[in-house]
Amino acid sequence: MHDDSQLPARREAAPIDVVTHRVGGLGAAPPPTDEQEGPGISLGQLWTYRWSMLCVFLAIVGAALPAIWSNIEPMYRGEALIEVKPTQEILVYQTPQVGYGSYWSFLSTQVGILTSNEILKRVVAREDVQGTDWYQHPARPMFGLKDPAAPYERLRDLLEVRPDGDSQLVLIAAETRLANEAPLLCNALAEEYLAYITTQNEEAGERNLVSLRQKVKDREAEYAELDRQAAVLAAKLGTRRPDDLISEQRLRLDLLQAEVANKAVEITAARAQLEEMRARSSQVEAAPVEGPGYEADQRWQQLSSEAAQAADAVAAAKVRLGPANPQVAILSEQLQAAEKRLQDRETYLDTHQNTVVAAPARPSDNKQLALATMTAAQLEKYVRSLELHHEPLVQRVRDYSAEVDETFRKAQELNDLNRRLGNLGEVLDDVRRALTRRETERDAPDRITLAAPAIVPARAHKDLRIKLSAAAIVGGLVAAFGLGFIRVRMNSSIQRFSDIVELRPVPMLGHLSPQKGTPKRAEEAIAQLDQVRMLRTTLLRRLMRSSRGSVIQITSAGPRSGKTTTAVALAASMRDCGRRVMLVDTDFRNPSVAGRVNCENTPGLMELLRGQVEEREVLRDMDGITVVPAGSQNGVQAADMLANLDLVRRFERWRDEYELIILDGAPLLASADAAILSPQIDGTVMVVREQHCRREDVLTALGRVEAAGGELLGLIVIGKQKLSHYGYPSYGVKD
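According to our numbering, the sequence shown is numbered sequentially starting from 280.
Don't read these hints as lab results, they were simulated from the structure.
Using 16 Å as the maximum straight-line C-alpha spacing, the simulated EDC-like pairs for lysine to aspartate or glutamate come out as follows:
#  : residue 1 : residue 2
1  : K494      : D709
2  : K542      : E670
3  : K364      : D445
4  : K494      : E705
5  : K619      : E585
6  : K496      : D708
7  : K496      : E705
8  : K364      : D443
9  : K400      : E470
10 : K660      : E545
11 : K597      : E612
12 : K494      : D708
Using the sequences provided together with the hints, build the complete structure.
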């Protein structure tokens, strides 16, 4: 068994600085900020599809511009003005509600007449209009689905007729392809309208006067009938203002009702007194004569009231607080004291019968005192007298209430007639004013004249060819950039390093330019070496922690991304700067290191882990670099061998001999080998090739490293890079 306690703990990787630090194209990517809402598209990405975008732009512009300049012609505009002004200013400037509003209503009516079928048919029937190009060559509907419209309908669509602002002018405008036709059509419409309106005004004026006079007679007759009905009702009520009469009658009714109520109260009181007298007389006959009772004594009444209140307080306290409450005991003592005082007063009254003082009578008790002095016979006579007066009074109230209701009904009817008279009076006044206006208009007709005839324009009013050409160019640009945008969005491969950073913050260790073949110029080779040196410098800065060597793994998401070439170049650069470097091929399924450095692949690491060879047999010195080839897998599961603790022990021993141990790992998505190795070493470096690796694959590979517990040192991006004027060449991308 292996003694795991002798293995040193894997060193923690240095913290990754995600703050941007770029030197010659190298550096870590900045973390996404709050302003970054998602992956964007740069001009560099769109430039990749520049030829497709250019073809779309040229196709659209090349087809649109000839069509615009061959099919669209400039338009010439003609304008004529008609003045509509009454000769009597009172018709225009009476009041804002009548004169001003009536005039603008009249002006809008004239606009409607100008565009009516009657006028338009007269215009198109003229010989000069029928000789125009507009009349002889009508534009056919698109695709020929409909027949051309009638000439007067086409003329309505062509003309613009409206009031000219707040003036007394009506604008007639038209636009045609020929300069002389638009003024001709506007003047023809104005002439036909003037001829038509002159004839119509003469005929319509008389008809309106007859109609208005008849309306005045009808309204006057209706008003007279309503006034007669109102006079009849007013004579019955005795007033034209029934509201005052109703108020007076309601007041008298209230007084009668109050008198009936008082009589009823007196009858009730007298009856009660009579009953009490009869009861007292029966008691006198049945019992011996005694002195006045306790109730006649004012002091006894006060003490009796206090005793009753004390008893009520005790009962309420027992219910609310309970019999055992101390407050109940206090109230009980107060009740006993009140009863004792009441008993002492009764004892005093029993011994002093002749000194009892009755309570003084109040002024409000005068009627009660009068009743008290009456005998029983007098009371009976008084009650019968009250009842005899009460019945007629009740009947009087009933009759007067019916009279008030009838008066109220007639008053409502009279008010309704007065309201109708008022409304009808307003209508009659309006009709009379309209008749007056018509009579005035007949005596002073409107002056409708052609204020300004249309003239032939000197230049085109509207030329859409320039605007449409600009729109076609803008549309072509929008379509071209839209195509580029869609192609960039649909392309899932990585176009730039920021494609990854925008989705997940990952530091970049270096940027290498791809190349095909060997550099042909010395400056190209120097540029390649400079890129690798910058990568070496950045990586050493990340790994600088102790005197022992570090173990890193160079891997990628998928095959053919350039990881083996990067590992060999990085090892050579480390050797050139005097570092002791070991290059180990751990890609057992597709070993490539041996072929790059021209050595045998077997025996290699796999035979060493199986215990078939000694360590010195697999170590090969290739130009100052110690190379350990992958060896032969021979059916053995590579993942099981990589998880063997023997490999970890060898890494720990090699750390003391070499400053940097570079592992050429298998692709992360092709097998689990690289993910298994990641937690056993100091860090993993992923190689990403632009326009080859997919975003989803790179993100999945990064997730596998983190899930396995490994530490990602950063990314090495292989792709085109613009660097000053050197024209930096590309770098090899073979696995």
